[in-house]
Amino acid sequence: MNFNEKGKELAYFSIWSIYTAVSVFYFFLIAVSVWSIYTAVSVFCFFLFCFIFFSTLLFLCLCFDIL
Numbered sequence: 001m002n003f004n005e006k007g008k009e010l011a012y013f014s015i016w017s018i019y020t021a022v023s024v025f026y027f028f029l030i031a032v033s034v035w036s037i038y039t040a041v042s043v044f045c046f047f048l049f050c051f052i053f054f055s056t057l058l059f060l061c062l063c064f065d066i067l
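Those letters in the sequence shown? Residues 1 to 67, by this note's numbering.
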């Protein structure tokens, strides 16, 4: 193996390692953003459910004069 082949191998390895690092970084970035969007949507749906539930309960209490 001469110097030229060793340099090519080193260049391929460095390109591969940079590509792998960027891929892992973007994978974690996408995973974190998907998790945060999922959390935000879950919290929003929970508060929406609570609002609908309690407003319906209040409406029924007012209609049937339970309070």
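One or more of the hints may lead you astray.
[Said to hold, decoys possible] Okay, derived cross-link-like pairs now, SDA-like style, lysine to any residue, Cα gap no bigger than 20 angstroms in a straight line:
(1) K8 to T20
(2) K6 to I18
(3) K8 to I18
(4) K8 to V24
(5) K6 to V22
(6) K8 to Y19
I should point out that these hints are in silico values taken from the structure, not numbers from a laboratory. Bear in mind the structure is a predicted one, so any value in this text is a computation, not a measurement.
Results for each hint:
1. K8 to T20: Roughly 18 angstroms separates the two Cα atoms, so the pair holds.
2. K6 to I18: With a Cα-Cα distance of about 18 angstroms, the restraint between K6 and I18 holds, given a limit of 20 angstroms.
3. K8 to I18: holds (15 angstroms)
4. K8 to V24: violated (24 angstroms)
5. K6 to V22: Violated - the C-alpha atoms of V22 and K6 are around 24 angstroms apart, more than 20 angstroms.
6. K8 to Y19: Status holds; Cα separation ~16 angstroms.
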